[in-house]
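*Asks:* Numbering that gives the first Met the number 0 applies: residue 0 is where the sequence shown begins, and numbers increase by one.
Simulated from the structure, these hints should not be mistaken for laboratory data. Each statement offered as a hint is correct.
Computed beta-carbon distance windows for the label pairs:
| # | residue 1 | residue 2 | range |
| --- | --- | --- | --- |
| 1 | A110 | G132 | 16 to 24 Å |
| 2 | V56 | A114 | 31 to 39 Å |
| 3 | A114 | A33 | 30 to 38 Å |
| 4 | I145 | G93 | 17 to 25 Å |
| 5 | R92 | D142 | 14 to 22 Å |
For clarity, every value in this text was computed on a predicted model and none was experimentally measured. Quick reminder that beta carbons are idealized off the backbone N, C-alpha and C, glycines included.
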Amino acid sequence: MSAPYTVRVAEDPADREACFAVRKEVFVVEQGVAQDIEYDAYDAVAVHVLAVREDGVPLGTGRLLYGDAAAAKTGGDASVGSLGRLAVACQARGLGVGAALVRAVEEAARARGLAAVDLHAQTHALGFYERLGYEAYGPEFPDAGIAHRAMRRVL
Numbered sequence: 000m001s002a003p004y005t006v007r008v009a010e011d012p013a014d015r016e017a018c019f020a021v022r023k024e025v026f027v028v029e030q031g032v033a034q035d036i037e038y039d040a041y042d043a044v045a046v047h048v049l050a051v052r053e054d055g056v057p058l059g060t061g062r063l064l065y066g067d068a069a070a071a072k073t074g075g076d077a078s079v080g081s082l083g084r085l086a087v088a089c090q091a092r093g094l095g096v097g098a099a100l101v102r103a104v105e106e107a108a109r110a111r112g113l114a115a116v117d118l119h120a121q122t123h124a125l126g127f128y129e130r131l132g133y134e135a136y137g138p139e140f141p142d143a144g145i146a147h148r149a150m151r152r153v154l
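Given the sequences, and given the hints that come with them, work out the whole structure.
*Replies:* Below you can see the structure in the form of structure tokens.
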């Protein structure tokens, strides 16, 4: 049986706005992240992925930074992409949307010749990413007032 949603690269303005709406719902409203730090200059150059229900309702999003945009987040290694802003709407949690979004970001990374993907995981989500093959490294650190750890998966 196929999933009741699809995941695609957000290539048009409507898809990008849907990505931003999910991020606002999850990060700004639900988690209390300040809106002025949720959206950044990287949004203009990132590859955004979007999960949508069959009726078009957005369920989740994530983004991939690569090249110069990822270098600052990955220690300057141009072969490593940076997965970020992974957000799944409350009503879609537990349906596999998050895993599907991560895999879509990884596919986008492979298509760009990247060897690995790094991310900064909220500590409560470490197990989720570990199940997808990511390994934590380095100490815990705060980001937007939320505890995080760096993680990496070799592709």
